[in-house]
Every structure is written in C-alpha cells, then in structure tokens.
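Residues per chain are reported as follows:
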Amino acid sequence: MKTLFRNVAAIGLLAAVALPVEALASDYPTQPVRIVLPFAAGGSTDIAIRTFAQHAETYLGQSIAVENRTGGGGGVGVNYGVNVEPDGYTLMGGAIGAHSILPAVNRGVGYEPSDYTPIGMFQMNPVVLLVLNESDHQSLDDVIAAIGESSGSLSHGDLGPGTIHRLTFLLFLESAGLAADDVIYVPFGGGADSLAALLGGHVDFHATNLTNAAESLRAGAVRALAVTTPERVDHFPDIPTFAELGHPDVDTLAWRGIIGPNDLPSEVVETWDSVIRAVIDDAEWAATVEERGDIVFHMGPDAFAAFIDSEFERYRRLAEELDFIVE
Amino acid sequence: MEVLIESFWIAAQGSAVMGALFGVVFGLFIAVTPGLTGVMAVAIILPFTFALDAITSMAVLLGVYVSAYYGGAVTAIMIATPGTPNAAATVLDGYPLCRQGLARKALQMSLFASVTGGILGVFVAMSIFPLVAQLALRFGPPEMFALLVFSITVIAGVSGASLIKGFLAATMGFLLSTIGQDPIFGSSRFVFGISDLMGGLHILPILIGLFTIPELIVRSVAGGRSGGAGATYIEMGPALRFKEYIGQWRTYLRSAAAGSLLGALPGIGGSPAAFLGYFLAQRFSKRPELFGRGSIEGLAGAEAGNSSVAGAAMVPMMSLGIPGGATTAVIMGALIIHGLTPGPTLFATRPEFVYSTFLVLIMCMLIMLFIGLGMIRVANLIVRIPTQILFPAVLIFATYGAYAIRNSLVDVIAMVLVGVLGTLMRLQAIPAAPLAIAFILGPFFEQNLRRSLLMSGGSIDIFVRSWFGVAFLCLALVSAVATAFAHRRLHGSSRTAVTANG
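Sequence lines, in order, name chains W and S. Quick note, the first sequence lines up with residues 93 to 419 if you use the numbering used here. Quick note, the second sequence lines up with residues 277 to 778 if you use the numbering used here.
These are calculated hints, taken from the structure and not from any lab test. There could be a bad hint or two in this list.
Stated by the list, open to error - One-sided excerpt, in silico: chain S residues whose CB lies under 10 Å from chain W:
id, residue
1, Leu413
2, Pro542
3, Pro599
4, Ala602
Just so you know, even glycine gets a beta-carbon here, dropped at the ideal spot from N, CA and C.
Isolated chain W, as found in the complex (with noise of 0.2 Å):
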C-alpha cells in the first residue's frame, strides 16, 4: 500500500507542476520563480548563482529556486532554458561557459545568444595559471622558457576543451610565440578532478577559476602567475596580471548573470534588473563574492547583449583560429 499511496503522492506532485501557469498579471512576480542552471550543483557557478539568489529574494519578494539541469557541458540546460514559456517565472542562471563559448565552439549544441535575452550581469570571474607551489617555475617567464626547452614534455590541465580555461591556456601560448602541441593536453572533467591532478604533481600547469583555487592558494599549495583581470584583484594583490607581464591578449573573463527566454515581457526584464541592481548594492553579498576571488562587475541589459554578442563573435573566431572547434 506504501508504494500505491507514494505513487498517489507522485502523481498529484506531477499535476501540480503541470498546472497551467497562471496568465500574466501586472504585479510580476506573484509566484515563486524557478532560475535554471546548466551546471552542477555546488559547483562554482551554482554557489554563484545560488549566493545570487539568496540574496535577491529579498529585493524580489518571492522566493526563488535554482535548479540544475546538467549535462552536456551546459548544453542541455540552455537548450530547456530557451524554450520554456517566456512568463518571466522561469529564467537561467547564465554562465560564459553554456551561453557563449560552448555555442561558439559547438555548432550543433542547438542555440546561439539571440536566442535568448540577456537581463543583467552581477560578477566577473578572473581565471589564474597554477603551478604547484614548490615548481621550479616561478614566473610566467620561466614557464615560456621551460616550455620552449622542454620538447614538449610538459602537461597542462584544466577542465576541458571548448572551456574558457582551454581558450586561456592557448591564447597564452599564442602571445608567448609557442605552439599549442609545445604542451601536452590532458582535460579533465571539472574544477575539481584537474585542480586534484596539479595538486598530486600528474600535469605542469592548471588554468582555472580564481575562486576553484583560493582556498589552495591561501593554504600554499599552488601558486597563481597570472590572471586575466586588467588590474590585479584586490584579494589577491601578489597575483600579477597577464597584461602587465606583457601579454595583454591573455583577457579572458568568465562572467555570470541572469538570462530569460526571448519575448519576455517587458516588465519582467524590467523588474529584474532592479533585483540586481539592488543586489550589487547589497554591502554583504558583495563582500562574500569578492572572498572568494570573484570581482562584483555589473551590466544592464542592453550592456549584457552587446557583450554576449561580441563576445560570442569573439570566440567564434578564436575557435577557428585556434583549432579549438568541437564538433
């Protein structure tokens, strides 16, 4: 009977998702709203995310849930968070990964930016090159001398191709002069498994995001010689940047924010972008991003678009440029 009653349970559950959303009323939001991730939970994205909305519930007046839709490489989530109804109580939690690279380097992943409508930009998140702590390689220099001697024998690791991590290992070799089989490739499937590789001394370098590695660098183990911010980042003021190294092409930036479907109505975009205005205003989630080695870095939604556009162009030709496509 246990089974039959949970299953009654199941069922009434199912009827009730299915429900019929309730048709626009002017006070938006005037039920709970669903913000969808590509990415795993607890992840770094998720923890962004899930920080974010922890905190705008308060300025939106509903509470928010954040779901993970995950899989292929975020493709799978943008693909449901493109097409759901454009009511405003379902939005993605946007990352550079699933929203612009991966659609750039992957044709057939199903969507481009103008299918969906950027609403706002709340934190930028800078990427670092690893080595281990106690390397011989103690300067970015180094690492361009030893890589040139070193006939290709040295590894670098990060969380896969067709990731922004990949994209800054290569326009740094780019800008060092070097080729990208000077180095060997090993891709590991998340921040975690190719932070644990650096770690155990199984690759050379590790390019990932500065808040995978804050609490590593904070404890000694590994050491960052660049990072891709164009200023040093205010937590970490020992990280040089790449530009001031002389290699100011090395600008890669992972960002994230919230996006909708396309025709969202108006006041749905509207309301949000004062949510994260008032977030970004908000004294203590500021103070908890820029801990973990994220920088709080607004766009509206005009501002938003145009940046995903350009810098959706920007990768697509990077990624032809650079063999970087994945098909």
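Take the given structure of chain W and dock chain S to it, following the hints.
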C-alpha cells in the same frame, strides 16, 4: 584529544541531533523512491539549510547523504528495484532472499551491514584523515586506470555460469556508456541529433530496465500460466540472528577497506564500492555458489561496501577542498555558503568543526539504524500486496522514477528499451550485473585510459611507471586468474543455464 571532546559536544547539541533525525527520515524517503537519488535529495534540501547554523545544516545534509547510501536497498530487496544506483549490487542477492521468504532477514542484514560498514568507514577516514587525502592525490589518471582494471575483474565474479555471457553483457554495458558527449574532447557520440542524449544515458533507468522490468515480465507470464499471479504470497520470514550478523565481521572489514579506498578517489562513488565489496565477499566465501541466488554474505558485502564510502568521500573535500562526487559537491557548496570553505585552511583553523562533522556522520548512521528497523516493519505491507496490484504499481513507480531524474522522456524510453533487452537477456541466461558494472565504470575507464595516453603521448608504459600502477595491474592479473579457476571449480565445464537474476 581536547579537539575531539570539543567536537563531540558540538555534534551532540540538540539542534544537530534533530537535524540529523530530520535528514535521515527525508533521505530514506527519497532513497526508496527510484529516480530520486542522493544527489537530488541533498540538492532539494540544501536551500532549507541556509537558515540553520553550520553544524545543524551539516547534520541535515549528512543525514540525507548517509541514508541515501542505504535506503535504496529496501526497494532493491523487496521489488528488485534499486532505489539509488548504490543499491545495484544489493539486488543480486537481496531479491532472491526475499523470494525465498527471507525478506526480513535480508532487510535487517542490509541495514546492519550498512551501518557497520559506514561506521568503520568513518573511523578509517577520521584516523588516517591526512594520509587518505595524500594517498588520493597520488592517484593520477594512470593509477586510476590500473585500479579500474582491477575493479573490472569483478565482472567475472557476477557472470554466473558462463564467463562468455558475462563478457557479452559487459561489452554491451561499455557500449551503452559511450552514448553522449565524449568525456575528453566533448564531441557527440551516438546522439543521433537528440539533444537530451548529449548528457548520456542515466544509470537509474538502466538499472530499472535491467532488474525490475524483466522480473515483472517473467513473473507475470509465469504467474499467468500457473493460474493467477495473485497467488504469490511471500512471508517476511525469520529475523536476523546475532550470530549471522557477527559471523560476517571479515566481510565488513574487507568491504570497508574497499569502500574507503574507492570513496577517497574523486568521482567513483558508492556503486563500484558495492560491487567490489560483493566481489571480495564472494572471493573469500566458503559458499561462493550461493552468490546471485540469495547469499547473505553477498548482501552484507555489497551494503557494507557502499556505505563505507560515505566517510571516505568526505576526506578529499574536507582536507583539500576537492569534492569526490556530486553529493559531496553539494555539501561543500553548503559549507561555503556558511562561510566555511573546505580545504587545508579549514582543517588548520577549525579542526573541531571537521571532526564534529565526522561524529555527526556516525550519529546519522545510528539514527538510520533505528529508523531503518521501523521501516522494515512497514516493508511488511509490501509483501502483502497481491501481485496484480503490486506489479502495475511498481511499473508506474519505476516509470515515474525514470522520468523524474532529469525530467526527460528519453530516460523513460531508455528504461523501456533496456527492459526489453534485459528480458531477452534473462531468457538467454545472460547475466545483467556485468552490464550494470560496465555501464557504471565505463566512463571512468575510458577517461582515465585516454588521459593517461594523452599524458604519455600514446605510450602504454605510463601504467607501470608508478608503484600503484604496477600493484593494481598485478592484483588485476591475480584476480582474473583466480576468478577463472574458481569459476571452473564452481561451474565446471558444463554450460547449463542457471536462472541468473544478475
């Protein structure tokens, strides 16, 4: 020592105990529902823990986390449906025991073995905490590959009468595991333009298709012939005797050792540990012929194996800030949101918090023991349901579960297709368990093989460049040879088909 006492008091506060109790109840409820895995349970509960203090929210999350390692066993034993992937190996002997009218004994054994293995695992994790973390780091792709080669020899142990048929099933499992995005370069394989397939097939629909659906079909057909499936009424049977429980102490130790090693390595998770624990129990058993037909030892090995992962999986996260799996990743996210970023600094600055987390883990297991015993009484009701009501209900339940995992119809279709495959395999006496193991281990096997070869530029000597690699490859060889001999002794050269349930 002072740190331990302090952490004990942190763990023993009322709110933490209440949190753990709530977490265990919620986790067990989720785990007996196929389609709702431990990861989802933790993710569902996560937002509710933000308002709690750090240790209470950890107690809730760990309660859910721990019970997810056990809860799936109940449905695995009662209706041949693993509630979570961790319970895949539990079906092999748990369900036959239930069919023999020993459901109560099987449920109690699985619960006690789970709690024993789980607590042993936490002790291992706590006592050699820094060592385990360092050991885990030594495992790069080549070492992982060697370990996986060893793990894959367990396939032979669950192959039943015919090794050839076991390998056939394993090959199908490996092939199914390659559907979706290539784990190294991200290109699509066998996707046929269906975007939902990009994420690959999910393990749960495969398990339901392999174990549950063939059981429903075969038994419905058999019941129809013998005049009314409703006649099948099983007794709960006698309770587990203390002697039977304690007699398995070697099994618990072996499974806990296997689970602690696999658990500390990133990404492996509970189900390979369950199969390895099962395999070890079989290798050292005096009655290996009972395995797959209702061996209490096999059940103990599997359940102690998957639960012992719980403690070890916390180690890389707590000490290095590297979560070993999806569930620990969510727990790590919760800690970060509470301002406690796991990693070397957390251990240095807040050791009492790290230790109290482990103590909470033990507390959750003890709570699970009591709640589990209550749940077994309720399981009584399942066996009283007439088959003509139970079977359709199980099918609805399974379909809902397959859909709920990712809200994708592709998973339901996969379940049905694998169900047809599983039924055909059953009729041909091709065992299902090798397929399940190969499907679970396949992606790790492929990733680590390819990563290793990328690192070495295609040269295979990378696998023997480290002692770990040599050791595990030798173990694999020994295991393969020993299993082949044991198999011959057990099954002779006869090719008689055994009704293999897996």
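Now the hints, each set against the structure:
For the restraint placing Leu413(S) at the interface with chain W, the shortest Cβ-Cβ distance is roughly 4 Å, inside the 10 Å limit, so the hint holds. Taking 10 Å as the C-beta cut-off, the interface hint given for Pro542(S) holds, the closest approach to chain W being about 5 Å. The interface hint given for Pro599(S) is met, as the beta carbon of that residue sits about 5 Å from the closest beta carbon of chain W, less than 10 Å. Look at Ala602(S): its Cβ gets to within about 6 Å of chain W, closer than 10 Å, so that hint holds up.
When held up to the earlier numbered hints, the structure conflicts with none and fits them all.
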